[in-house]
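Visitor: Sequence:
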Amino acid sequence: MKKEIRWRLENLRDQAGYSQKDVSQILRFSDNTYGQYERGEHSPSVETFISLAQLYNTSLDYILRGKKDGDACEKTVNVFKQHGIKDPFILRTEDWSALTYDELMSLTKHFESLVEQVKKE
1 MKKEIRWRLE
11 NLRDQAGYSQ
21 KDVSQILRFS
31 DNTYGQYERG
41 EHSPSVETFI
51 SLAQLYNTSL
61 DYILRGKKDG
71 DACEKTVNVF
81 KQHGIKDPFI
91 LRTEDWSALT
101 YDELMSLTKH
111 FESLVEQVKK
121 E
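Following the numbering used here, the numbering of the sequence shown begins with 1 at its first residue and continues without gaps.
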């Protein structure tokens, strides 16, 4: 396992306030299994990576590649800011849960249509 992944696992564990033994117990491993991951002696399975991402409340993308989910959101926010829009409704994710699947698909199609229209101009 790459040292960058091992480093991220160690940092996430430290930030969460867990010892290696704590993580092993939480995920029902033998006491030294997690330490072996951080030392690069063994690599976690896909299922274990998923469990670690859930435990640390992060994404697999961050653990494996160091890319945070927020990167795309941050770029989107910057586009709005460049146009002087400080609090775009479209980024208030708590409001999206009230929409149905069909409504979300309608918005998606509308957005795609707008983008295509601008590209043609």
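These aren't lab readings, by the way, just hints derived from the structure by calculation.
The reader is advised that the hints may include incorrect statements.
Claimed, not checked - As a list, the in silico DSS-like pairs of lysine-lysine whose alpha-carbon atoms are at most 30 Å apart:
1) LYS119 / LYS67
2) LYS119 / LYS75
3) LYS109 / LYS86
4) LYS86 / LYS75
5) LYS119 / LYS86
6) LYS109 / LYS119
7) LYS67 / LYS3
8) LYS2 / LYS21
9) LYS81 / LYS119
10) LYS81 / LYS120
11) LYS120 / LYS109
12) LYS75 / LYS109
Predicted, not measured: the structure shown is a model, and the values here were computed from it.
Visitor: State the violated hints by number, sorted upward, taking the hints as numbered earlier in the document.
Guide: Every hint satisfied by this model.
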